[in-house]
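Protein chains in written order, with this note's numbering: chain Z, 25 to 564; chain V, 174 to 532; chain G, 220 to 575.
Among these hints, one or two may not hold up.
Where chain G lies over chain Z, by a calculated footprint (3+ residues, C-beta under 8 angstroms) [unchecked claim]:
hint, region
1, 135–144
2, 408–416
3, 537–548
So, partial list: chain Z residues that the calculated Cβ filter (under 8 angstroms) puts toward chain G [as the list claims (entries may be wrong)]:
hint, residue
4, Asn-158
5, Trp-199
6, Ser-252
Quick caveat, the hints were computed from the structure, so don't treat them as lab data. Just so you know, even glycine gets a beta-carbon here, dropped at the ideal spot from N, CA and C.
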Amino acid sequence: MRSLRREPALLLALLAVTALVLLFVVYPQLQVVLTPGPGGYVQYLQDGTWVGPLRNSIQLTLLSTTTAVVLGFIYAYAMVYSNMRWKPFFRLVGILPLLSPPFVVAAAYTLLFGARGVISYGVFGQSPNIYGLNGVWGVQTIAFFPFAYQLIADALSRSDPRMEQAARNLGAGSWRVFRTVTLPLSRPGLGAAILTTAIYILEDFGNPQLIGGSFYVLPTEAYSLISSFGEFTSAAAVSTILLLLALGLYLAKVRLDGGRSFVTISGRASSMPRPPVSAAVSRACFVACFALAGIILLVYGSLVVSALTLRFPNNLQFTTEHFQYVLSGTNGDALRNTLVFSGVAAAISAVFALFAGWLVQRGTWPGRRVLDLLLILPAAIPGIFFGLGYLLAFNQRWLDFVDRGWLIIIAFVFWNIPVGYQAAVAGLRQIDRSIDEAATSLGASSIRGFRDVVLPMLGGSLRVGFVTTFVRAVTTLSLVIFLFTPPTTTATIRIYQLVGDLNWGAATAYTVADIGMAIIALLVFAVLARGRIALGAARA
Amino acid sequence: MSPETAHVRVSHVTKRFGGVTAVDDVSFEVPKGSFATLLGPSGCGKTTTLRMIAGFYDPDLGDIEIGGRRVNNLPVHRRGTAMVFQDYALFPHMTVRDNVAYGLRVAHVSGPDRTRRVDETLAFVGLGGLGDRWPNQLSGGQQQRVAVARALVIQPQVLLLDEPLSNLDAKLREQLRVEMRILQRRLGMTFVYVTHDQEEALSLSDWIAVMNAGKVEQAGAPWEIYYHPRTAFLADFVGAVNLVPAQVTNLADGTATVSFGRHRAEVRRPEASLRAGQDVRLCVRPESFTIAPEGTVASGISLPGTIVRRAFLGDTMRYWVKVDDREWIVDQPDPGGSATLDGPVSLSLRPDRVHVIAE
Amino acid sequence: MTPELDRRKFLKLAGATAVIAACGGAPAAAPSGSVTASTAPKATGRISIYSALNESTNNQLFAAFTKATGVEVAALPLAAAGDLQTKITAEKNNPQADIFVGGSSEFHDPLGKQGLLEAYQSPNAKDVQAQFKEASGLWTGWYTGIFGFISNTSRLNADIGGKKPATWDDLLDPVWKQRLILPDPIKTGGGYIFIATQIFRFGRDETKAMDFMKKLHPNILSYGPTSPGVITSISNGEAAGAPNWSHDILTEKAKDPTRVDLTVPKDTGFEVGAVSIVKGTKNLLGAQAFVDWVLTKDAGDLNTKLSNRGSVRTDVAPAPGAPTLTSVTLVNYDRQWATDNKTRIQKLWQTTVGIQ
Ligand SMILES: Nc1ncnc2c1ncn2[C@@H]1O[C@H](COP(=O)(O)OP(=O)(O)O)[C@@H](O)[C@H]1O
Ligand SMILES: [Mg+2]
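If we strip away everything but chain Z, and leave its shape as in the complex, we get:
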């Protein structure tokens, strides 16, 4: 506290960050949460219609998280530990699903694995009914295992190779070392990865919406309450239930994350390679990854094929008409909007989150636990309510002078703060406090020290914040659906519209263009940032 009084600039910065968070996170969400009023909540809770969706949500989250984590774990183990070939290829394939709007992929699954799916029916002659619990479970497993893989790989690669070396020296085999040394050491990271995957699955809207049929989970229930019944009150109550669940998972995750840190950068440096696994294990890893990557490629391959053929899957004649359509007229504007909004938001969000992370992690002032909570809160807010809150709060006549694009950008920034913030806190925890203290002790103010020392050293966290915000902004539908206006339409809105419009060819062409644009943007960024794209902890 006194340190703030001694440095007014620091105090000002803290006040500014707090004010922004209150304005752009708390205030809009209060608009939503307070909508039902106490009476509204009581009535809705007594009504009891939420019990089913709540039970479904919990059941689905447990099932999908389990399978997604198991598959993700296999992929991650193979990537981190084995010497298998094609690693760069598998890495690239593992990133693809993060770059695409989920609902399009769900649609692709139905075409591949549905009752008349190219694979299920065309290859195996089966007509599975994928609508309902089993279908959503299957789709979420395939859709979210790449997320689980990214998170788990990140957790595993943080373990200290020196410990593994030591254990190997003591005569333990590679699997035994993994089981008895690596796993226990990375348990907090793994736990956090599992919980994060669970949150994504809990909040998933697109997949249950498209193939859940009458299997309602909390997000689809909330959406249909709004969209079909216009019942803001009940929808807000459902979203509050969802928010509490997600928040619970999130707090558990943060506790795990923050509990222990085994790796630190202290200003003394050393590095060591990980001990290799046996050739047989590597081969098994290769086979497993090949199969999993195959599934991903199948889905995305079908998107590309569909984009380039007249009527997938019935008429496979080659055409470029879908792409021409996508790039014609004002259709291209939405792509440009997506690029601009996402890029600007990602840059702002990454830096802001890092600065906020530094203020909180290094600070000693009272109330930092509260700010900490507020900064991770958006991760627990379903996109649709984040957007709705913004609309209720900021769609005011006197704010008309502000370009609507900025409102979308600000929504992107604050919705994605938790990722960059968490990455910053994790990064800071690994940098010994004495390193930034050294800067102040050499005459730099705290903020100067942040700029000169912390910021450059947290390049990794900064990249995570940037890339994740960018990717999430490129792929979100729910956040923008209430915020966009004709000139600020984004790519996902266009895709959603085209899917709804039966224009499957154009929808997939748009998706391919969107993913392609995102990949190019990320590659450019990677070159500029001179580093591998750190999608690793991306969804943390």
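Model the placement of chains V and G with the ligands on the given structure of chain Z, informed by the hints.
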């Protein structure tokens, strides 16, 4: 010590972390240009004290003054101190040169001037030519020197060092210890140095404050700390020592007569108040003895005994000598110059080397 | 992006005619044979349209409107009328839309009741039947859609014996077990109109209607989240058939006439596609010009051509092969009752078939 010459003054400073009182009503003064050391076992509050001087922690109670000015309300970067950290805390994303130049850049020291001062300082700490390396390309000792250079180059009023040598191997540690002392002398800068290593403290310092459990147990010149510890803890902590229970039998002006076992000796009377009949402990450093083969007549207190063990320490030979039913540690300097002893011996001890600890 | 635009709008409202001339585009001649905005001041500038119409329809329809009136269009297309309704409700502090077009009147009517629509009696609406418009002009119907049945030809022949349903009761035949897809009555307008149709078919006996829905339930493979999506599913052969919009079925059939076919069972329901002006519009004249224009014969012809829907105008010929309100047997569909009881009926259905 007059207030004018006290460069760093810590008065009645207390710092708590939750339930732990890390620093408990500590006061001391460090004269300008001196090499002052806070010595104590791990966890005794040395680092906390140093960090309060630097401004990283705020004292809960008490004042800190630097150069006669109260600095409690100054932020770290305005205190005119610079700190050398235990882990060096080099900026890993900057070259050695940039690390050293950092403080100057912050202080807006211009280009050529800055380059000159950085080069000079690097040369001064023996790192000329390594300026373009990255920290992770340096050995521990070199990293440590960069850390010192980086702090020195901004010419702080006071340099604060927190166990800067503890991560180095013994030989390097000794070498740097010497360099550190020479450096401080040459610069005439006030150093406040923290260590848990008594040898380091004794060899480097003009002044030592020994801390224990958050309090300063005793402060003074190394010699004083070593030979006239106020407590048994201090005596034991600052080096090998014989602590022998004894009883005051008689008190005179400046001297005290003590009896231990069958022996009786007249020794210097300590500052602490004593009364006749009081139980005390005698503190005798191992090197205070003369050891000779049995039967050799010696001056001072004579203690006949038998060698039970010995250890060759390089510069000294250490004996464990049984006198009556008690083992004494006895060091014989320059062991190469005399034959190794064995069996019954005769110890002699000058009375002025016996220090009485009243507890 | 828009700040410049907003400034233009502002200046325009302030009467800066020079600016209007600069950005209004070339005014086109009013098409003959229709009444265009005959009131004194001329519509200019740009209007923002929230459209629940199909993508392909939007582009050509709005282009034709701009050509006819000189008023430019910024379109916000979302095929889900419910989303647009919600968006307009949520934006009530500062409406972003001037026009809400498309979607059954069920989606417009609640907005009008909440006072979010601007009443407008278009001179072109005077010949529109009363059942197709809101009395005070809060919304006006301009197209109609008839609920029909899509069948996948090969599956119909293989699994059902080639027999298309002549009545809705035919769908209760166990031969359809797990072979039907119904647009979700909660998520889609079509699904709800299907239930309401059953209620009217049983003379508003809700118990009988719910009994029907309950018996139908085992035959339903899934409740589809969007009506067009269901058509895709049937076209792909995921199920043998589905109740759906005739016009969309025709569009699908046009792509490959051998894959799917349309029938309209007896006693079917229909929608009235509406247009309404959002209260607080920043370009009232432009919005009124749009309402006037969609009610013209030209617009009706174009929409019929583009979407296979019917028109509320008797002088607009139906699309080839399209059923009309007179060529099929309709139930006595009480739109106001259906709209007013929507939530209650949907929830009743949910409990009846035991969803949730
Ligand atoms: N930031 C802190 N939070 C809580 N306790 C602390 C903190 N820093 C030091 N302590 C406690 O204060 C006591 C003194 O610590 P320290 O000054 O680091 O000792 P030293 O440097 O002498 O080893 C120890 O018990 C330590 O655990
Ligand atoms: Mg310490």
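How the hints compare with the structure:
1. 135–144: Coverage by chain G holds for the region 135–144 of chain Z (4 residues, Cβ < 8 angstroms).
2. 408–416: Holds, because 3 residues of the region 408–416 of chain Z bring their Cβ atoms closer than 8 angstroms to Cβ atoms of chain G.
3. 537–548: violated (count 0)
4. Asn-158: This interface hint is violated because 12 angstroms lies over the 8 angstroms limit.
5. Trp-199: 44 angstroms, violated
6. Ser-252: Check passed: Cβ of Z:Ser-252 comes within 5 angstroms of chain G, closer than 8 angstroms.
Violation of the numbered hints given earlier is confined to hints 3, 4 and 5; the remaining hints are satisfied by the structure.
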